[in-house]
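Protein chains in written order, with my numbering: chain A, 5 to 139; chain B, 5 to 139.
Keep in mind the hints are simulated off the structure, nothing from the lab.
Worth double-checking, as some hints may not be accurate.
Since the list gives no way to pick out one identical chain from another, each pair is judged satisfied if it fits inside one copy or across any two copies.
[As the list claims (entries may be wrong)] Subject to a maximum C-alpha distance of 30 Å in a straight line, what follows is the list of computed DSSO-like cross-link-like pairs (lysine-lysine):
id, residue 1, residue 2
1, K28, K109
2, K83, K15
3, K123, K83
Number of protein chains: 2
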Amino acid sequence: MIKTGDKYQHKTRYTQEDVIGFAKVSGDCNPIHLDPEFAAKTPFARPIVHGFLSASVFSKVFGMLFPGNGTIYLSQEMKFLAPVFTDRDYTAVFEVTEVNREKHKGIIKCSLVDDLTGKECISGTAVLKNNEQFV
Amino acid sequence: MIKTGDKYQHKTRYTQEDVIGFAKVSGDCNPIHLDPEFAAKTPFARPIVHGFLSASVFSKVFGMLFPGNGTIYLSQEMKFLAPVFTDRDYTAVFEVTEVNREKHKGIIKCSLVDDLTGKECISGTAVLKNNEQFV
């Protein structure tokens with residue numbers, strides 16, 4: 005059973021192979037993610053991880069770990085505050101801000117934080133349904 | 005140059021191979037996406053495409069087509085209104101609702117629509133920066 009105020013953390017890391025794999029399945033071959041020469045001319049200086057790939061750790065955690073099995077994703081809001089790079093350690097940080105036990109719904113604040121700098125790279129909020137956990 | 009009221013459409017389709025590929029790179033191996041037997045016991049009756057994969061068409065269009073090159077993703081809000089299935093045709097539909105020419109920012113309403121039923125499966129809003137298009 006998950007309740008308001010519950011917290012969860014999950015360590016994550018992205019490789020350039022993940023970025024290439026995501027480009028393939030999504031069709032998002034924006035050179036800012038794939039081409040070091042192109043990326044060198046941008047404010048980021050080197051290739052950045054797709055926002056949708058870096059934020060997909062939220063989906064992974066919600067579907068598999070917290071709340072886990074049976075989770076249905078109702079909505080996700082996310083702000084991309086800082087670039088996410090490959091081969092660096094990040095932590096996805098979660099806090100439950102509201103639970104509606106009748107509708108089995110929960111609102112979870114989620115962030116992706118750079119372990120080295122402590123900087124929040126993604127800030128977001130998700131609304132989930134889970135008949136077994138939000139009870 | 006992109007201006008308020010501009011519209012754009014992009015046809016898309018997902019395969020089970022895309023779903024498996026996304027599960028690998030994201031680590032989101034929720035059986036609702038991968039296991040037909042598990043999915044059969046859910047209200048969806050069969051495996052559904054990950055929300056982050058189906059919505060990644062927004063990222064693809066923004067980064068490569070509309071506005072295209074040089075786009076920086078600032079935020080994305082998305083509501084998952086109906087399940088997205090493999091081997092069906094969908095259309096991603098976009099409309100520019102606001103442009104800030106000084107800050108080179110634009111707000112774009114985006115949806116994923118099921119071609120067969122006309123049903124809106126994802127409804128969202130994105131905020132983008134593009135120094136060449138929002139001028």
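Taking the hints in turn, this is what the structure says about them:
1. K28 to K109: between (33 Å within a copy, 28 Å between copies)
2. K83 to K15: both (19 Å within a copy, 26 Å between copies)
3. K123 to K83: both (13 Å within a copy, 27 Å between copies)
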